[in-house]
Amino acid sequence: MAALDIHGLRKAFGGNVIIPDVTLALEPGLITSLVGPNGAGKTTLFNLITGFLRPDAGSVHYKGSDLVGLSPQRVTRLGIARSFQDLRLFNEMTVFENVLVAQESSFRLWTRAAACRHTDAVLERVGLADKRDTRAMDLSYAERKFLNLARIMALDIDLFLLDEPASGLDGPSRTTFHTLLQSLKDEGHTVLLIEHNLDIVREVSDRIAFLNKGEVMAFDTPERIFANERLTDLYFGTAGRPAEAASC
Amino acid sequence: MIVLFQMFVEGVAAGSLYALAAVGFALIYATTRTFHFAHGATMMLAAYAFYQAVTVWQWPAVFAVALAVAVAVAFGVGVERLVYQPMRRTDASFLTIFAASFGLLIVATNVVVLLFGNSFYSVDSTLSRGFLVGPLYLSWVNLLSVAVALVSITALQWFMRRTRTGVILRAMMDDAALVGVFGLGDRRYGMIAFAIGSALVAPAAILTSLNAGLQPSMGALLTLLAIAGAIVGGIGNLWGAALGGLLLGIAENVGVWQLSSTWKPAITFGVLLIFLMFKPDGLLGAATRRS
Amino acid sequence: MIAYIANLGVLLGIAVILASSLNLMVGYAGIFSVAHAVFYGVGAYAAAKIALGVTDSFLLATAVAMFVSGAVSFLLAVPVLRVREEYFVVASIGFQVVASTIFTSWHAVTGGMGGLAGIPPARVLGWQLTSPVEYLILTAVCMVLVLAFIAVLVKSPFGRALKAFRDDEVAATALGKDPLALRVAATTISGALAAVAGSIYAFHVSFVNPESFTLDYSVMILAMVIIGGAGSLAGPIVGAVFITAFPALLNFIEMPSRYVGPVEQLIYGASIVLLMVFWPNGLASIWRLLRPRRPVQAAGGGTER
Numbered sequence: 001m002a003a004l005d006i007h008g009l010r011k012a013f014g015g016n017v018i019i020p021d022v023t024l025a026l027e028p029g030l031i032t033s034l035v036g037p038n039g040a041g042k043t044t045l046f047n048l049i050t051g052f053l054r055p056d057a058g059s060v061h062y063k064g065s066d067l068v069g070l071s072p073q074r075v076t077r078l079g080i081a082r083s084f085q086d087l088r089l090f091n092e093m094t095v096f097e098n099v100l101v102a103q104e105s106s107f108r109l110w111t112r113a114a115a116c117r118h119t120d121a122v123l124e125r126v127g128l129a130d131k132r133d134t135r136a137m138d139l140s141y142a143e144r145k146f147l148n149l150a151r152i153m154a155l156d157i158d159l160f161l162l163d164e165p166a167s168g169l170d171g172p173s174r175t176t177f178h179t180l181l182q183s184l185k186d187e188g189h190t191v192l193l194i195e196h197n198l199d200i201v202r203e204v205s206d207r208i209a210f211l212n213k214g215e216v217m218a219f220d221t222p223e224r225i226f227a228n229e230r231l232t233d234l235y236f237g238t239a240g241r242p243a244e245a246a247s248c
Numbered sequence: 001m002i003v004l005f006q007m008f009v010e011g012v013a014a015g016s017l018y019a020l021a022a023v024g025f026a027l028i029y030a031t032t033r034t035f036h037f038a039h040g041a042t043m044m045l046a047a048y049a050f051y052q053a054v055t056v057w058q059w060p061a062v063f064a065v066a067l068a069v070a071v072a073v074a075f076g077v078g079v080e081r082l083v084y085q086p087m088r089r090t091d092a093s094f095l096t097i098f099a100a101s102f103g104l105l106i107v108a109t110n111v112v113v114l115l116f117g118n119s120f121y122s123v124d125s126t127l128s129r130g131f132l133v134g135p136l137y138l139s140w141v142n143l144l145s146v147a148v149a150l151v152s153i154t155a156l157q158w159f160m161r162r163t164r165t166g167v168i169l170r171a172m173m174d175d176a177a178l179v180g181v182f183g184l185g186d187r188r189y190g191m192i193a194f195a196i197g198s199a200l201v202a203p204a205a206i207l208t209s210l211n212a213g214l215q216p217s218m219g220a221l222l223t224l225l226a227i228a229g230a231i232v233g234g235i236g237n238l239w240g241a242a243l244g245g246l247l248l249g250i251a252e253n254v255g256v257w258q259l260s261s262t263w264k265p266a267i268t269f270g271v272l273l274i275f276l277m278f279k280p281d282g283l284l285g286a287a288t289r290r291s
Numbered sequence: 001m002i003a004y005i006a007n008l009g010v011l012l013g014i015a016v017i018l019a020s021s022l023n024l025m026v027g028y029a030g031i032f033s034v035a036h037a038v039f040y041g042v043g044a045y046a047a048a049k050i051a052l053g054v055t056d057s058f059l060l061a062t063a064v065a066m067f068v069s070g071a072v073s074f075l076l077a078v079p080v081l082r083v084r085e086e087y088f089v090v091a092s093i094g095f096q097v098v099a100s101t102i103f104t105s106w107h108a109v110t111g112g113m114g115g116l117a118g119i120p121p122a123r124v125l126g127w128q129l130t131s132p133v134e135y136l137i138l139t140a141v142c143m144v145l146v147l148a149f150i151a152v153l154v155k156s157p158f159g160r161a162l163k164a165f166r167d168d169e170v171a172a173t174a175l176g177k178d179p180l181a182l183r184v185a186a187t188t189i190s191g192a193l194a195a196v197a198g199s200i201y202a203f204h205v206s207f208v209n210p211e212s213f214t215l216d217y218s219v220m221i222l223a224m225v226i227i228g229g230a231g232s233l234a235g236p237i238v239g240a241v242f243i244t245a246f247p248a249l250l251n252f253i254e255m256p257s258r259y260v261g262p263v264e265q266l267i268y269g270a271s272i273v274l275l276m277v278f279w280p281n282g283l284a285s286i287w288r289l290l291r292p293r294r295p296v297q298a299a300g301g302g303t304e305r
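Protein chains in written order, with the UniProt record's numbering: chain Y, 1 to 248; chain B, 1 to 291; chain L, 1 to 305.
If you're looking for bench data, these hints aren't it; they were derived computationally from the structure. The structure presented is a predicted model; accordingly, all values stated were derived computationally and were not measured. Each hint can be trusted.
Label pairs and their calculated CB-CB ranges: (1) Pro121(L) with Arg132(Y): 49 to 55 Å; (2) Met255(L) with Gly78(B): 25 to 31 Å; (3) Gln58(B) with Met255(L): 29 to 35 Å; (4) Ala147(B) with Asp21(Y): 50 to 56 Å; (5) Met277(B) with Gly112(L): 26 to 32 Å; (6) Met277(B) with Ala218(Y): 47 to 53 Å; (7) Met277(B) with Asp21(Y): 33 to 39 Å; (8) Ala74(B) with Gly127(Y): 55 to 61 Å; (9) Ile5(L) with Gln58(B): 49 to 55 Å; (10) Arg89(B) with Glu215(Y): 39 to 45 Å; (11) Pro20(Y) with Ala270(L): 55 to 61 Å.
Covered stretches of chain B (chain L as the covering partner; in silico rule of three or more C-beta atoms under 8 Å from a C-beta of chain L): (12) 80 to 88; (13) 271 to 284.
Think of the CB as a built atom: it goes at the ideal place given N, C-alpha and C, for glycine as much as any other residue.
The shape of chain Y in the complex, shown without the other chains (with noise of 0.2 Å):
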């Protein structure tokens, strides 16, 4: 069974269709990184997944209820997390608080001891430790993306949303993240990446999506996407910058 099923999904602007039809089945445990250019909608179907737009059609299933239609936050605590590509910390909370308040149930008077433990294991796992009581707001850049990570790790999750998480990190932080990455998918979790940088994609993933203009042009493994020559035109062509504008 399929860790996460698009079916036929479908979601217009206006007049303005992002995603005409989108069909995709992630596998159980593997790393699937979503890739495309600029404006081909891969943001746009991480918000469709988790909630925050509603699809005009289609179905995405999980664990065999169908998402459609659900909050946000539902969603989350069916299993599903997603981190944002402008990172959304919490700015005015350490680093510690920014972790716990993640995993910890909001309607609650005492903080458990055992919250406390899981979240400095997390921020340990992800090397941030020693900034356990820095204000977010205060981090550095690859900093603000680890903790990014680790907000969303600390919560009792199957499959993960990353969206660029990597983008921007120099060589050593790169590392880690691949590691980080590595540890995820070796725990049983399955992954679902946007990124564009193609070396990371190389990196790390176990299938590749194409996507285009709100179609999945092709599903396959690295080494089969990688030696089609119109996908690789396709993307460089078209692609005019590596970063795609915000389009969530």
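Please arrange chains B and L on chain Y, whose structure you already have, making use of the hints.
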């Protein structure tokens, strides 16, 4: 039955004035994203300026009207320039801007209390006299309210569709960031939006002072009605706001058929609450519900 | 003299409870309400009803008052917060106006303009309160309890979730937090805490009527929160002290008595405008200057999307 019809007529007249206030609020909110809570203060200041000119200084009506409009525009534009724009530049949150606006309403109200006292004033005019049409009692003020509202709102509609400035304001309503595309700062257009929105309450101020008289609390009350009208009409839609204002005026007047008139605000609130519960997008509005 | 100071102390304590409870909504949940005097009033009337008809036990009357006021606040919050928090401002003013009408018009329950008189002195665990000083002690104890509760609340997972929403609503939702449930809970708790102040007031003056719970007073409570600084524990306390003590200062300036009220309000209004433009964190944040730390930019909410 005649009584009910009479109340309906009065409701349409009152509602026309609320419509002007609601359109002004909606224009300002939609273009500048400023929750201009002091909108009612604009109306109150214009009303007192008109009163001062007509009854104390004994100016001819035309000049008094001009003064009222000038005061309204000056207050609106001044507040935009001196308070809202500096705050927007520092990326102040919605709540911070709202709090400042709320403070402005308090300041304006109490300046008026200090200058004129808390008591009730009225402006005598032949316009407030009434006449009978069949069984119905009409007054010139009521007829004038409807006429002025119709003319102003039609003129605004023309302005928004046919002039370059109007088109830019409409673009701002869709997306404030778009204004940069025109190569123009939003500062000038923010002030234009405030000028028009504020000018629209001047007729409401004058006609209210002729019809119902003046009291410092009129500002806060009109703010409530203008915002409620804009919400009922559908925030972000000017014509919806006009319709919302009209509807509130009618509901308020017809609604007190069997009740004491102290319940008028309760009816406004009731209508607002019903809309928030069952039709939160308003009559003509775009989706406002949280995703 | 002692009685005068004790009475002033009771009023200050009441103001601190009201401002701090409103701050839960304004400063932490990002909801502006101009109806806090309603919850104060509902609490006062409920406590008065219990005291007059059932028992003079302060604890019981306060518990009932908190329940009733919390319920009223819940019933207002659910329909309005479902839409957009901006609308709450307008709905709350409307609600305040309607509530004032009900306080004056529903004779059978509220006693109309005349109000409810002859409320017996409070009894707390068998101790009968008579002197102003005893009421001051009761108020101080209640105030400390309310403040302690709020302090625990804002540091709890619940408070953290509210702050997360304040910082970034979209991200908080994406982490599985339910904005409606959190905001409704904050509003309900805020209403219930305001009722504590209402209950103290009812027993203290042994008389309630609609004049104490007007729109003007709601405006005043909101001014305390904004002037002191929303979103911090100290802010509303500073604001409540400032606004309660201020009229006493104005006494030193010679002016006709009819000017006193408007001048006071004018100064509150102008303080709000100036603070929001130049110092959006409020008076209480001034002490932060003394600490070697980066100043917090434009707090007061940060819910702008």
